[in-house]
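Undergrad: Listed here are the chains, written in short residue letters.
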Amino acid sequence: GAGVSQSPRYKVAKRGQDVALRCDPISGHVSLFWYQQALGQGPEFLTYFQNEAQLDKSGLPSDRFFAERPEGSVSTLKIQRTQQEDSAVYLCASRDLSNQPQHFGDGTRLSIL
Amino acid sequence: AQTVTQSQPEMSVQEAETVTLSCTYDTSESNYYLFWYKQPPSRQMILVIRQEAYKQQNATENRFSVNFQKAAKSFSLKISDSQLGDTAMYFCAFMKHATNAGKSTFGDGTTLTVKP
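As they're listed, the protein sequences go chains A and B.
With the working numbering applied, the first sequence has no gaps in its numbers, which climb one by one up to 134 at the end.
With the working numbering applied, the second sequence has no gaps in its numbers, which climb one by one up to 131 at the end.
Among these hints, one or two may not hold up.
The calculated DMTMM-like cross-link candidates involving lysine to aspartate or glutamate, where the alpha carbons are at most 25 Å apart (straight line), are [stated by the list, open to error]:
| hint | chain 1 | residue 1 | chain 2 | residue 2 |
| --- | --- | --- | --- | --- |
| 1 | A | Lys78 | B | Asp123 |
| 2 | A | Lys78 | A | Glu65 |
| 3 | B | Lys111 | A | Asp39 |
Just so you know, these hints were derived from the structure itself, not from any lab.
Given these sequences and hints, build the entire structure.
TA: Okay, structure coming up:
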C-alpha cells in the first residue's frame, strides 16, 4: 500500500475489556514495530517483528499485552483486561531493510474509561 | 541501553527566522544512526533528516540541517527560513547500526510553534 495503515483510528473501551489494534504495513516491508506514545511524550518501544518472527518483545509492559504477525504482513496488538494506564496512542511502523528509517502509521488513540 | 534527551519542551520562532532544536544522547555503540522526526497535530510521524554516525559531514535536507558532534554526543536540528507548516512536535531518535537493527529510541520531543 501507499503507507502504513492502522485501524481503528480511535478506540474507547471500558476498563477490563479486551481490545485489538490492527496494523497493515507498507507492502514488502520485512520489519514491523509497535510503539506506545503517552500524551506529550516520545514513542516507547513495545515489540518488533521481522517477517512473522517476533524478535524483540522487551517493551511490552505486562503479560496483558500480546502481538502477532502470523503471515509476516498484517499485525495485531491485543491488550487484555485493559486498565486506565493503557490509554495512549499506539503507533505502528514498518521498514524494508535494516538501517533504513521507519515509516509510521497515523496511530490508534486508545482511551480506557 | 541508549537514552535520548531533548531539553527544550517548547520553542517558538517567527516565520522566516532560524531556530535550533537540541538533542543529546548516550550510548556505548560506535556505529549508529540518528534521526529527526516531525509529528504534526495530525499525528503521523514523518522523517525530517538522518545522520550516520560514521559520516563526519553534517546531513542537510533543503531548509533542515544538523550539527552532529559525535564526541559530545550532540545532534541538533537547524530549521532555516521557518514556515508556518513547520509547526509540530519534533523528536530526536537513535538506532543502532546492525543487521537486525531493531527499535529506535526516542526523546520526549520539542513542540515548535512558528508564529506569523
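Undergrad: When you check the alpha-carbon spacing of Lys111 of chain B and Asp39 of chain A, does it fall within 25 Å?
TA: Judged against 25 Å, a Cα distance of about 34 Å means the pair is violated.
Undergrad: Holds or violated: are the alpha carbons of Lys78 of chain A and Asp123 of chain B at most 25 Å from each other?
TA: Holds: Lys78 of chain A and Asp123 of chain B sit about 21 Å apart, inside 25 Å.
Undergrad: Mind checking the alpha carbons of Lys78 of chain A and Glu65 of chain A for me, to see if they're no more than 25 Å apart?
TA: holds (12 Å)
In this structure, only the earlier hint numbered 3 is contradicted, and the remaining ones agree with it.
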